[in-house]
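Chemist: Sequence:
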Amino acid sequence: MKPIYSRYDKKKIAALPRVVFEGKIHVVYTKNEAQKAVDFLLGQKVVGIDTETRPTFKKGRTNLVALLQVSTENLCFLFRLTREEVIPYVVQLLESQDVLKVGLSLSDDFLSLRRRFDFEGGAFFDLQKHFCEIGIKDMALQKLYANVFGMRITKGQQMSNWEAEILTDSQKLYAATDAWACLRLYHELQRLKSECDFELIHNEYEENILEER
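At position 110 of the sequence shown the residue is numbered 110 (the working numbering), and the sequence of numbers has no breaks.
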């Protein structure tokens, strides 16, 4: 049985092998690109999603979400939300009841997205809620992935400029990996629950709550 920890020791993460998305990444800038991407994604049963926002270092100021990444097992689309022409297609995808969109702490993503545009509820699956149900308490993506798969997701690009005109290769890979990781976690959670193939090990690590985010 796979050992799963109620809390994962952050100190162990640095020694784990790194994991990155190895599929194709498409950056979506235009109306035509958005239409083709969403047409493809609407044919999927389940996808992983995540968002990125340019950080701000001024107290009381926040920026609008700049990127929505949506991933299948082998293909990830990065929707540039700073381009108004892609937003109607993003709304179509988010509102779909046929495609299950899997993410982590989706309430935060919804709040960020709705500050830029409005959309109705579609089909979503919040990993945070469902991993809590099996006893896991650490919900940061890096810790959760390390706990479930024993591999390390790097967070080096998290505070980079997501509104840049051209995203760097490192930014693209970082964004795609986060969305794809959510999809992988979803499939593994379904397997663990259906096969009862895990042992929950209770432990506690006292850490600053800011490190959990």
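Hints in this document: simulated from the structure, not taken from any laboratory.
The beta-carbon is built from N, C-alpha and C at its ideal position, and this holds for glycine as well.
Accuracy of the hints is not assured; some may be wrong.
[Unchecked claim] Now the in silico label distances, taken between C-beta atoms and shown as ranges:
#1 Arg115 x Val46: 23 to 31 Å
#2 His187 x Phe57: 17 to 25 Å
#3 Leu200 x Lys36: 20 to 28 Å
#4 Lys2 x Phe57: 22 to 30 Å
#5 Asp118 x Ser6: 35 to 43 Å
#6 Tyr29 x Ser6: 38 to 46 Å
#7 Thr168 x Val46: 40 to 48 Å
#8 Arg115 x Lys45: 47 to 55 Å
#9 Gly121 x Glu84: 33 to 41 Å
Chemist: Each of the hints needs a verdict: does it hold here or not?
Modeler: Checked hints:
no., hint, result
1, Arg115 x Val46: 23 to 31 Å, "holds, 26 Å"
2, His187 x Phe57: 17 to 25 Å, "violated, 37 Å"
3, Leu200 x Lys36: 20 to 28 Å, "violated, 43 Å"
4, Lys2 x Phe57: 22 to 30 Å, "violated, 40 Å"
5, Asp118 x Ser6: 35 to 43 Å, "holds, 38 Å"
6, Tyr29 x Ser6: 38 to 46 Å, "holds, 43 Å"
7, Thr168 x Val46: 40 to 48 Å, "violated, 29 Å"
8, Arg115 x Lys45: 47 to 55 Å, "violated, 29 Å"
9, Gly121 x Glu84: 33 to 41 Å, "violated, 23 Å"
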